[in-house]
Amino acid sequence: MTGQAVGNRIKKMEQSGVIEAYSLIVDEMKLGFSYTAFIIIYIKTADHESFISFINEQKEIVEAHRVSGEGCYHVKIKVDSQEKLNILLNKILNYGNYKMYLSIQNIKKHNPLSSMLHV
Numbered sequence: 284m285t286g287q288a289v290g291n292r293i294k295k296m297e298q299s300g301v302i303e304a305y306s307l308i309v310d311e312m313k314l315g316f317s318y319t320a321f322i323i324i325y326i327k328t329a330d331h332e333s334f335i336s337f338i339n340e341q342k343e344i345v346e347a348h349r350v351s352g353e354g355c356y357h358v359k360i361k362v363d364s365q366e367k368l369n370i371l372l373n374k375i376l377n378y379g380n381y382k383m384y385l386s387i388q389n390i391k392k393h394n395p396l397s398s399m400l401h402v
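Going by my numbering, 327 is the number at position 44 of the sequence shown; the sequence numbering is gapless.
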């Protein structure tokens with residue numbers, strides 16, 4: 284495939300919304316974010332809007348999903364200290380209870396969907 288053909292294909296994917304953005308991949312450990320945790324959150328009220336706003340305001344929460352099954356939300360957090368982890372957990376308690384799982388090793392990361400496509 285020529286460079287021009289690749290460029291045209293990329294441009295079409297950008298215009299159709301398949302490619303939404305470009306990003307950098309940084310080494311989080313080198314930036315000091317040595318703690319990664321996964322938290323299952325059990326909301327104590329039927330009003331989830333304030334909790335969703337809270338999630339969007341917390342820079343430590345890097346990923347969040349509303350889920351079926353166990354809990355109401357699963358969030359992934361990155362912090363640089365146990366103190367910041369504890370502060371965030373205390374804030375979460377304002378909305379409900381939680382279970383936390385601390386990551387001890389990242390086995391696989393940055394698996395872009397494009398690797399599954401025949402692009």
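The hints are simulated quantities; they were obtained by calculation from the structure and are not laboratory data.
These numbers were taken from a predicted model, which means no experiment stands behind them.
For every residue, glycine included, the Cβ atom is placed at its ideal position computed from N, Cα and C.
It is possible that some hints are incorrect.
What follows is a list of derived Cβ distance ranges for each label pair [claimed, not checked]:
1) 305 / 367: 40 to 48 Å
2) 290 / 353: 42 to 50 Å
3) 369 / 339: 20 to 28 Å
4) 370 / 286: 27 to 35 Å
5) 287 / 369: 15 to 23 Å
6) 328 / 293: 43 to 51 Å
- Query: Checked against the structure, which of the hints given earlier come out wrong?
  - Reply: The structure breaks hints 1, 4, 5; every other hint is satisfied.
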